[in-house]
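Q: Protein sequences appear in the order of chains Y and R. 72 is the number that our numbering gives to position 72 of the first sequence; each next residue is one higher, with no gaps. 73 is the number that our numbering gives to position 73 of the second sequence; each next residue is one higher, with no gaps.
Simulated from the structure, these hints should not be mistaken for laboratory data. Treat the hints loosely; a few may be bogus.
One side only, chain Y facing chain R, incomplete, derived with CB under 8 Å [stated by the list, open to error]: (1) Ala329; (2) Met335; (3) Gln359; (4) Gly362.
Label pairs and their computed distance ranges (CB to CB) [said to hold, decoys possible]: (5) Y/Asn389 x R/Leu95: 49 to 55 Å; (6) Y/Leu369 x R/Trp38: 34 to 40 Å; (7) R/Lys2 x Y/Phe137: 34 to 40 Å; (8) R/Ala141 x Y/Gln268: 33 to 39 Å; (9) R/Lys2 x Y/Ala153: 27 to 33 Å; (10) R/Met17 x Y/Leu369: 23 to 29 Å; (11) Y/Ile371 x R/Ile31: 36 to 42 Å; (12) Y/Glu121 x R/Glu170: 48 to 54 Å; (13) R/Ile31 x Y/Leu145: 18 to 24 Å.
Covered by chain R, according to a simulated footprint, are these stretches of chain Y (three or more residues, beta-carbon under 8 Å) [unchecked claim]: (14) 138–148; (15) 205–218; (16) 239–251; (17) 275–285; (18) 290–301; (19) 347–357.
Since we're looking at a predicted model, the values are computed, not measured. Cβ atoms here follow ideal geometry from the backbone N, Cα and C, with glycine treated the same way.
Now for the letters of each chain:
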Amino acid sequence: MRLAIGLAASLFLLSVTAVAEISGAALDTTPAIPSNPIKNCRITDKPNDVGGALTLEWELVPSISAAGYAGEIAIYRSTAAEGPYELAATLPGNALRYEDSGLKDHVCYYYRLIYIEEGIESAAFEAGSGVAAGQWFHTGRIPILILMLLFSATAVFFIKRARSGYTFKVRPIAGINAVDEAIGRATEMGRPILYVPGLGTAADVATIAAFTILARVARKTAEYNTRVIVPNYDPVVMTVCQEVVREAYSAAGKPDLYDPKDVFYVTQDQFPYTAAVNGIILREKTATNFYMGMFYAESLVLAETGFVAGSIQIAGTDQLVQIPFFVCACDFVLMGEELYAASAYLSKEPQQLGTLKAQDWGKVTIAALIIIGTIFATFGWKSFAAWFNVG
Amino acid sequence: MKREIPLLIVLVFGVFMAFQYFVPHRISSNIYQEFNNWTIIIGIFTMVIGIASLLSVHYSKIRFRKEGWGYSFVTIISLIGMAGLGLFGGMENDLFIHFYRFGLSPVTATMFALLAFFIASAAYRAFRARTVLSTLLLLAAVIVMLGRVPIGEIISGWLPEPLQLSKISEFLLYVPNTAAKRTIYIGVGLGVAAVSLKIILGIERTWLGGDGK
Chain Y
1 MRLAIGLAAS LFLLSVTAVA EISGAALDTT PAIPSNPIKN CRITDKPNDV
51 GGALTLEWEL VPSISAAGYA GEIAIYRSTA AEGPYELAAT LPGNALRYED
101 SGLKDHVCYY YRLIYIEEGI ESAAFEAGSG VAAGQWFHTG RIPILILMLL
151 FSATAVFFIK RARSGYTFKV RPIAGINAVD EAIGRATEMG RPILYVPGLG
201 TAADVATIAA FTILARVARK TAEYNTRVIV PNYDPVVMTV CQEVVREAYS
251 AAGKPDLYDP KDVFYVTQDQ FPYTAAVNGI ILREKTATNF YMGMFYAESL
301 VLAETGFVAG SIQIAGTDQL VQIPFFVCAC DFVLMGEELY AASAYLSKEP
351 QQLGTLKAQD WGKVTIAALI IIGTIFATFG WKSFAAWFNV G
Chain R
1 MKREIPLLIV LVFGVFMAFQ YFVPHRISSN IYQEFNNWTI IIGIFTMVIG
51 IASLLSVHYS KIRFRKEGWG YSFVTIISLI GMAGLGLFGG MENDLFIHFY
101 RFGLSPVTAT MFALLAFFIA SAAYRAFRAR TVLSTLLLLA AVIVMLGRVP
151 IGEIISGWLP EPLQLSKISE FLLYVPNTAA KRTIYIGVGL GVAAVSLKII
201 LGIERTWLGG DGK
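Please model the entire structure based on the sequences and the hints provided.
A: This is the structure we're talking about:
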């Protein structure tokens with residue numbers, strides 16, 4: 001009986017194994033790689049680049065796509081059609097594009113693409129050849145060039161108009177109007193003025209605007225015999241500030257009042273600089289503090305210290321995130337473009353005011369483009385807005 | 001000539017830099033990189049002037065025993081000490097790293113940490129409802145703050161979706177706030193372009209010192 005059961009069980013196991021093997025053979029879904037799984041490869045020079053790059057784009061046959069891109073694509077490169085070829089890259093099986101960089105300009109490169117799945121390689125696909133070269137004009141930046149030329153032409157037009165005697169009306173900017181008043185207050189109190197040109201470098205336009213305002217402040221302090229202290233974060237900025245203040249004192253007819261030790265370098269570390277400026281505010285008891293230029297996290301620490309010390313504070317920055325902090329802690333704030341308008345506003349020179357007019361027309365143009373783009377996008381024509389996507 | 005030569009240099013390099021942006025070729029980018037390297041080199045030279053200025057100011061304070069001259073003494077000792085350790089012991093010197101890690105870093109972090117207290121005091125002043133505008137500011141701030149934390153969900157979760165604090169907060173941040181920010185960005189962009197043009201054309205000359213005349 002036991003023998004019969006054992007024999008039956010053995011037969012059953014054998015039959016199950018046999019069925020499983022047959023089923024396994026029938027269900028083996030490993031695809032046979034087509035002889036040419038890659039087709040229609042295009043090799044082009046990468047547009048709008050410095051050179052040394054080619055772009056390869058290809059298609060995969062539908063059977064490879066249906067297999068779920070399980071394999072890899074090996075890209076081989078050579079400088080001669082007959083080889084030898086070297087492996088340039090191995091990409092996932094679903095890749096349809098490759099950018100080959102680090103190539104020599106004006107050298108012809110040949111490419112072969114091979115699809116590999118589970119160690120089995122397809123026949124090499126001769127992708128063709130391409131020559132890399134750098135471009136002399138970035139076609140993706142045409143909209144910016146047009147707007148730049150348009151803006152420059154408008155500015156030159158208004159400058160010429162100003163030179164011919166036309167006077168422009170400029171709206172009053174409270175922060176700039178308060179400059180003289182703040183310097184007068186410091187003079188009455190017999191205390192110094194603090195001028196902080198921010199953490200920017202001399203290459204930043206906001207810092208250049210800060211130099212302009214410093215020239216005006218220094219001229220007034222020289223006239224009123226009031227001391228101006230300028231602690232600097234950047235040694236280049238310090239050098240320019242020293243020159244600006246020295247010249248302002250000379251222009252006011254009081255070159256002997258200028259003390260180079262009042263325009264000094266502190267450190268190029270953000271928070272040690274903040275600590276030093278805070279120390280100056282509290283020790284020197286400055287009557288008026290100017291914060292003009294580029295500011296970061298230290299803006300509120302400086303402005304709050306000045307507020308606690310009871311100083312009149314005028315700030316100006318183009319750093320959007322810092323504007324609310326200055327608004328909270330300062331008496332007057334020049335927001336964004338007002339900082340740049342300050343030089344034109346302070347000088348009252350017609351030529352400078354002409355550029356302000358060009359800025360206004362620039363804003364009108366941008367507003368019009370935004371409205372046109374919105375209308376077009378609402379009706380589904382997005383190519384207008386896409387034209388402004390610069391590379 | 002003292003004014004003309006710098007103005008000519010600015011004109012040539014300003015025009016080059018403006019048009020370099022439209023020329024992606026390697027030659028153009030290499031020249032641009034070379035100019036940037038020169039800016040760094042000039043910056044290093046001016047660092048010597050900066051240190052000389054720092055030493056001069058603090059030496060003067062010590063010499064004439066001005067108020068707080070003790071701090072000046074600490075500054076000079078720290079400057080010379082750290083520079084000496086770095087120059088003779090190298091950047092990997094244990095003592096140099098020790099002073100940096102346990103001296104300068106905690107002090108810097110402390111200054112940064114003070115920001116939290118300054119934000120609290122500034123926010124208190126900004127959010128006092130004295131006028132209609134400051135009341136609106138307070139209201140918007142309360143909605144945004146509550147809308148960004150779980151308690152906002154608890155308070156307003158039962159309301160229809162558009163009236164929930166999180167949704168109103170999102171609307172305030174992404175619609176009126178973004179619109180205002182972009183307006184400032186556009187103004188800043190045009191301002192930068194105008195100032196750059198004025199400098200290139202020699203209309204704005206204050207950077208030359210004084211009134212630039």
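Q: Against this structure, judge whether each hint is valid.
A: So, going through the hints one by one against the coordinates:
| no. | hint | in the structure |
| --- | --- | --- |
| 1 | Ala329 | holds (5 Å) |
| 2 | Met335 | holds (7 Å) |
| 3 | Gln359 | holds (5 Å) |
| 4 | Gly362 | holds (4 Å) |
| 5 | Y/Asn389 x R/Leu95: 49 to 55 Å | holds (54 Å) |
| 6 | Y/Leu369 x R/Trp38: 34 to 40 Å | holds (38 Å) |
| 7 | R/Lys2 x Y/Phe137: 34 to 40 Å | holds (38 Å) |
| 8 | R/Ala141 x Y/Gln268: 33 to 39 Å | holds (35 Å) |
| 9 | R/Lys2 x Y/Ala153: 27 to 33 Å | holds (32 Å) |
| 10 | R/Met17 x Y/Leu369: 23 to 29 Å | holds (26 Å) |
| 11 | Y/Ile371 x R/Ile31: 36 to 42 Å | holds (40 Å) |
| 12 | Y/Glu121 x R/Glu170: 48 to 54 Å | holds (53 Å) |
| 13 | R/Ile31 x Y/Leu145: 18 to 24 Å | holds (19 Å) |
| 14 | 138–148 | holds (count 5) |
| 15 | 205–218 | holds (count 6) |
| 16 | 239–251 | holds (count 9) |
| 17 | 275–285 | holds (count 3) |
| 18 | 290–301 | holds (count 3) |
| 19 | 347–357 | holds (count 6) |
Figure legend: structure checked against the earlier numbered hints; every hint is met.
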